[in-house]
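Asker: Here is how the chains run, residue by residue.
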Amino acid sequence: MQLRWRLFLNSLRKKNRQAELGISVAGGFFLVIFWITTSIGFGAITFVQLQKQQPGIVDILLWVVLVTWQLEAIVSSAAVNFQEIARYPISFRLYLFLNFAYGIFDPSAFLRMLWLFAIWVGVAAAIPEWRISAAALFLLFALFNVLSYRVLSGLFHRFQTSRKGREIIAIMTLVMGVFFQLSIRTLPRLGHLYAPSSITSFVASLDRISPPGLVTRALQENGTQTAWAVALLIVFSLVALAALWYQSRRTYQGEIYSESVAVRRRRKARPGRVFVGGDEIFDAIVEKEFRYIRQNLRVVFQMLYVPVVAMIPIVNQGISGRRGLGSLRMDFLHGMFAAFLVYGSTSLAYNIFGMDHTGFSRWLVSPIPLRKVMTGKNLTHGGIVAAIYLVVSTGMIAFSLITWLSFVTTTIAFVAFLLMILGAGNMISVYWPKRIDPTQPRSQVISKAAGYASLLTFLPIALFVGMGLVAVQVWELKWFPLALSVATLLLGLKLYSYWSQRAVNYLRDRLEEMSSELSS
Amino acid sequence: MSETVLEARGLRRTFANLVAVNNLDLTVERQQFYGFLGPNGAGKSTTIKMLTGLLRPTSGQIRIFGLDLEENTVEVKRRIGVVPEGLALFERLTGSQLLSFVGRMYGLDRTTATQRTGELLDFMGLTDSADKLVADYSHGMKKKTALAAAVIHRPEMLFLDEPFEGVDAIAATTLKGLLHRFIERGGTIFLTSHVLEVVERLCTHIGIIQNGSLVAGGSLNELRAGVTIAGGDQSPLTLEEIFLQVVGGAKQDAGALSWL
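These protein sequence lines map, in sequence, to chains A and B. 44 is the number of the first residue of the first sequence in this note's numbering; add one for each residue after it. 14 is the number of the first residue of the second sequence in this note's numbering; add one for each residue after it.
Next up, chain A with everything else stripped away, as it sits in the complex (with noise of 0.2 Å):
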């Protein structure tokens, strides 16, 4: 607890952490209501199903606990890296237990718990002879959510200090987004049908023997089948914990390797290539960025997942083969696309210097004026957001999925607004610089200010789709938002100059904070 305490009050010290400090304490405001407000519906729904003898619903809401529990081993960030705990002359018996209460006094297990405690007093109003019992098996399952959360959170800091293990987590969470995406579009039209009965009866039985089946089962029985499931809930924990003490005593001991033996792998050396061609130094840099961006892929997938997911009707009515008043909402679609490919793009431009660590003092003793810097990683991250779109519009021209006058007008929008973004995001990679440690599986590729500015995107394109709505349907002029995405790309223009400009004279005056920012 006082390490936590300590790490945190020690990172306001810097004052762009203080602003960050700001803006967590009003997102906070947000997320202590998402967590009471869920905790007050875990418990009266417990409440309600329990008094309707639905003792299922237990069940269910266990393992909600255990799922999104568990899934923050991948998403959340860590403050302490346990190897460098080893160091310090603690005996192992110590530093398995420091590893073990790290994941108590974790936030995420606070919320978990706080739900617990909601369904435990669901259970203890509904039926008041369960209350001891399930104070119990809850606490247990509480045990093994923390030992489980700790082992994964430790194998998945190991698997992302090799490059391949980066990669491949970012593919698998790219692909299970979109398939989550796919199942909540797909199940609902699949509702009619019924699932053949032997995946049922292989669902509820693999439910029996799992942490959150057990809890509810040791609750409903009695006697030996109580046993039963309570024994093999400990065995569970137990599992858990040796699995946790082996993983400590092999990070204890120095065998867990690092990045230093992960990533090394033969390259060809190769001279530069040509990217923008006749001037060197852009092509420098965007070669140097590409480079950069080919190595934390987890940066491109977050800025693909939003398209990507945005992809899917589209592709659905594509290959339905749907025209006529489809047309109108390809056009809609395709525009909708546009949208989120600027969107996503802020994973990018609103922390263009966050890879850089230490090699960003080498812009600054290079003969490159800093503005010249700016573009030439805007022009690599523009390029990379301009390619997707273009390849994803050509294909929709290509099969006349959307119209010409769509076409144009959504590509001079797109253009427009993400030329803002990149002007912002200048602005905001000086303001709120943020360090990414590709190595570090939970870092944030850009920092909590620039995360909120970032949905601040939608307000000016919102505008935007608006006023040409009302334009189009109400006023009958179809050809105001062509007028207006033109308007807009020259205020995009503008802005992106200005907002440049900006940032160049505020990074110039504060040269040594973003070099510390970004080297520790």
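Bear in mind the hints are in silico, worked out from the structure with no lab data behind them. Just so it is clear, the structure is predicted and the values come from calculations on it, not from any experiment. For each residue, glycine too, the CB sits at the ideal point set by N, CA and C. Keep in mind that a hint or two might mislead.
So these bits of chain B aren't anywhere near chain A, every CB distance computed over 12 Å [as the list claims (entries may be wrong)]:
(1) Asp38
(2) Arg43
(3) Arg92
(4) Gly99
(5) Leu111
(6) Gly116
(7) His166
(8) Gly179
(9) Asn224
(10) Ser232
(11) Asn234
(12) Gly239
(13) Val260
(14) Gly261
Computed cross-link-like contacts, SDA-like style, restricted to lysine to any residue with a CA-CA straight-line distance of at most 25 Å [unchecked claim]:
(15) A/Lys415 / B/Pro168
(16) A/Lys415 / B/Lys145
(17) A/Lys415 / B/Glu88
(18) A/Lys95 / B/Arg69
(19) B/Lys145 / A/Arg478
(20) B/Lys145 / A/Gly297
(21) B/Lys145 / A/Ser563
(22) A/Lys415 / B/Glu83
(23) A/Lys415 / B/Val87
(24) B/Lys155 / A/Gln338
(25) B/Lys155 / A/Pro410
(26) B/Lys145 / A/Asp480
(27) B/Lys155 / A/Leu64
(28) B/Lys145 / A/Arg201
(29) B/Lys155 / A/Phe333
(30) A/Lys415 / B/Thr125
Part of the chain A face toward chain B, derived, beta carbon under 8 Å [claimed, not checked]:
(31) Asp322
(32) Glu323
(33) Ile324
(34) Lys331
(35) Tyr335
(36) Ile336
(37) His400
(38) Ser409
(39) Pro410
(40) Ile411
Given chain A, work out where chain B should sit, using these hints.
Answerer: Then chain B, alone, in the frame of chain A:
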């Protein structure tokens, strides 16, 4: 006739209430090997950062090759090479990619950058590691890479912040060889170091900074002439003796750390 290549006047840098560098005047002539010394926290790194454009001075003027640094930043940077405190390496490039990239940043065409990259890697004994990520290099290898990156564009003046810190004897010999060659070909070097023996052996001129102010400066002989040790013998003073005399030796309290 000597030519002044670096001139700093009234240089001052503050961080909130802390005065890191205070009213510093410096002059370095062409082909001088200038060693900039001082105790920890004296202001050495802050000074070199200001001289290389990594940090803006609070006040004062810096002229390099007769050009005002603030007004001619790009032109000055093109003519100098820097090994800064953190080495400023893009560690996720390989050694050869990094050097080639830096060369192109200084305006070299791709062919020349690639050719010089190969020669520098060879000279530094890094050819076998050319296709490894810089992140995988040892500290000494990183230092050699940083020095190679500083000279790839053939600068007229080098600024080196602690180039020998954490470097083994073999790597240090390579670095010294390169620096000697640089001076022989008409270059100028401004170097900070804690290793007094290295400075004494390499540098022609020395400046000593303490609490942000220059407290001694000149050639080694000039410094020797200005410093005498009471009751000392007549043999020439070592740089260490001069340094300790100028900045004051460490306090030796016999009662301190009695538990140790």
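Asker: Which constraints among the numbered hints does this structure fail? Numbers only, ascending.
Answerer: As far as the earlier hints go, 3, 4, 5, 6, 7, 16, 18, 27, 31 and 36 are violated by this structure, in ascending order.
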